[in-house]
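Colleague: Protein chains in written order, with this note's numbering: chain F, 60 to 313; chain U, 112 to 412; chain S, 1378 to 1494.
Any given hint could be a false lead.
What the hints assert, rightly or not - Only pairs whose alpha carbons sit at most 30 Å apart, straight line, appear in this in silico DSS-like list of lysine-lysine:
| hint | chain 1 | residue 1 | chain 2 | residue 2 |
| --- | --- | --- | --- | --- |
| 1 | S | LYS1477 | S | LYS1462 |
| 2 | S | LYS1494 | S | LYS1458 |
| 3 | U | LYS379 | S | LYS1462 |
| 4 | F | LYS244 | U | LYS244 |
| 5 | U | LYS210 | F | LYS82 |
| 6 | S | LYS1440 | S | LYS1477 |
| 7 | S | LYS1477 | U | LYS379 |
| 8 | U | LYS245 | F | LYS244 |
| 9 | F | LYS82 | F | LYS312 |
| 10 | U | LYS119 | F | LYS312 |
| 11 | F | LYS312 | U | LYS210 |
| 12 | U | LYS379 | S | LYS1458 |
| 13 | S | LYS1477 | S | LYS1494 |
| 14 | F | LYS82 | U | LYS245 |
| 15 | S | LYS1426 | S | LYS1477 |
| 16 | U | LYS119 | S | LYS1426 |
The set of hints was computed from the structure by calculation and includes no laboratory data. Only a predicted model underlies this, so the values are computations on that prediction, with no experimental measurement involved.
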Amino acid sequence: MTTITATVRPPASAGGRILNIVKLHLTNPWTTIILPWMILGFILIANIAIWAIILGNTAPADRADVEEGLGYSGASTYIFVYMMVVAVQAIAVTFPFALGYGVTRRDYYLGTALTFVALAVMFSVGLTVLAAIEEATGGWGLGGRMFTTFYWGDTWPQRLFIFFAAFMFFFSVGIAAAAIWVRWKANGLIAFFVGLAIIVLGGAALLTVTQGWIAFGTFFAEAGFVGSFAWSLVISAIALVAGFFVLRRATPKS
Amino acid sequence: MTAVIEDKVIEVTGLTKRFGSVTAVDDATFSVERNKIYGLLGRNGAGKTTLMQLLTGQDFATSGSIQVFGQSPVENASVLQRVSFIKESQRYPDDFRAKHVFKSAPWFFSNWDEDFAQQLIADFRLPLNRRIKKMSRGQVSAIGVIVGLASRAPLTFFDEPYLGLDAVARQTFYDRLLADYAEHPRTVVLSTHLIDEVSNLLEHVLVIDEGRIIINEDAESLRGSATNLVGTAAAVDAFVGPREVLHRDAIGGLVSVTVLGLTAGERKDASAAGLELAPVSLQQLIIRRTNTSEKEFEVSA
Amino acid sequence: MDESRPIFVQLAEQIENDIIAGVMAEETQVPSINEFAAFYRINPATALKGVTTLVDEGALYKKRGIGMFVAEGAQARLKTKRRDKFSAEFVTPLLTEAAKLGITAEQLADMIRKAGK
Chain F
60 MTTITATVRP PASAGGRILN IVKLHLTNPW TTIILPWMIL GFILIANIAI WAIILGNTAP
120 ADRADVEEGL GYSGASTYIF VYMMVVAVQA IAVTFPFALG YGVTRRDYYL GTALTFVALA
180 VMFSVGLTVL AAIEEATGGW GLGGRMFTTF YWGDTWPQRL FIFFAAFMFF FSVGIAAAAI
240 WVRWKANGLI AFFVGLAIIV LGGAALLTVT QGWIAFGTFF AEAGFVGSFA WSLVISAIAL
300 VAGFFVLRRA TPKS
Chain U
112 MTAVIEDKVI EVTGLTKRFG SVTAVDDATF SVERNKIYGL LGRNGAGKTT LMQLLTGQDF
172 ATSGSIQVFG QSPVENASVL QRVSFIKESQ RYPDDFRAKH VFKSAPWFFS NWDEDFAQQL
232 IADFRLPLNR RIKKMSRGQV SAIGVIVGLA SRAPLTFFDE PYLGLDAVAR QTFYDRLLAD
292 YAEHPRTVVL STHLIDEVSN LLEHVLVIDE GRIIINEDAE SLRGSATNLV GTAAAVDAFV
352 GPREVLHRDA IGGLVSVTVL GLTAGERKDA SAAGLELAPV SLQQLIIRRT NTSEKEFEVS
412 A
Chain S
1378 MDESRPIFVQ LAEQIENDII AGVMAEETQV PSINEFAAFY RINPATALKG VTTLVDEGAL
1438 YKKRGIGMFV AEGAQARLKT KRRDKFSAEF VTPLLTEAAK LGITAEQLAD MIRKAGK
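Chain F extracted, bound-state conformation (with noise of 0.2 Å):
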């Protein structure tokens, strides 16, 4: 048999492969970095447009009553919902896929996560500009809030480390659920729904019994919004690991 060498690339390094996850996430941009803020835009433009609508329609009487009152928009939550469930169908479609490009479980877990801690960064700093300019242009010319709701912080730094742990505990969650879903399928889902159900009400059950809600409440006012999502990253951490101990023995069942 004749054979013709043709010039082969050296296999990929740990470090490449990992990084071939990440640029496997992103083949496809839509999805993960241009529809999100295409709706972000969206929502902004929507609530700007009923910001006006609302000031419009106000007697200038209670004009401060009413800023006040869109001091509390929750719109920006919305984008990190949406991107929980971006990382949950990215991970339930891909990971069949990845495997069949002869990638590790572990490589895939690594570079997804790599993924998303790029994309959490990406959108906190991206949040963080539009607070600054809406600070800036004072509530975008209608004294409405989007981005600095109290419960984002007061300064830049504070609004940047906020963003950066909301999006890292809802991707963290995400990608925990995505692994329960790829190894258990449904029913793995349904039974870790019911047994953070049996958590919570068991935790609330016991504070109450305990009468130990001011002392929970009390904590989280000590703490303070930087605080609180600090230890909100403490939940991400055991969710990304307990997420990778999942998928170890997860299979491409199709």
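Given chain F, work out where chains U and S should sit, using these hints.
Modeller: Just chains U and S now, with coordinates in the frame of chain F:
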């Protein structure tokens, strides 16, 4: 570092996989030699896909050992980077278009040949910009086939990836596979239940039935190893005597039996005895032999 | 390629036919293993086996770095070999079939003479 080239790229010993009470792979022991085209044949549900998933580390064995390129393939990047596994049921990310697959595949296969991939895309007339969700089954199969071929992975598995392809496209696949294998030898394992179509491509045949490897032979010696004898019942029975009969059909006064291994001399004798000799295709042979094992199983159960 | 005999045997016979017919002339190059494999749609290892059979018989020989060539005198040698097999392959079945139909040897000879004109 000098790489030791393993003569046996796959070595499997006592491999078993159970899903609850179902034994999908039952104590399989075999090896696959370098740079040969193997056929992994068997009926639907015989265990072909499960076996391939075990060999590529996509699923975990219940017991037994697997060595691919001398190591266990499970979670082993240095092994898996040299393996490509194209499944018939491969699902792609929802938002992917065909071009996204061909953009990402080269990252994972260092032997990827872009020119070859482009040629295949033209051969199969694949619409690169269409969403995979909106593609016909044949087109989705073609994507898998192109990735499997263009990856030039030293160990390439095809798990019935061409089922969605029409006969013309399938022949294109076989032709491209053969031509590229000749120019760039590699180990290929092809699983299918369309045996006669691929019969001439195979160098070695593994037949799996209900999880057990029942045939593990060189293709050439398997081909032509059985003969159909047709004649009157008396003549046929007289000639066959105590010989093992794989299959027997009767219509009117005519009887047709399938027997194994007739020598040239015996074939002449059969002719002289007035019997007609007809060839047995690889597909027919395997069907007969898997039915045999099924019958035996029923008897012993 | 039919299913009754090993493929490499059929390939070897096909090449022999071409040599005997003069299609593949002596001292000319024959197609490569890969070309045979692609043309007949068979595994290259099988094609190699068929070609090797002829090399062993002395009908083909290998020029290193170039390819396979038809050996000198191959045509004559193969014709002789075929003649030896002619009786068993063609004459005996002919007689068997004729006997079934009750055709005598003389009638058979007549038929052959008439057909040969």
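Colleague: Of the hints stated earlier, which fail here?
Modeller: 6 and 15
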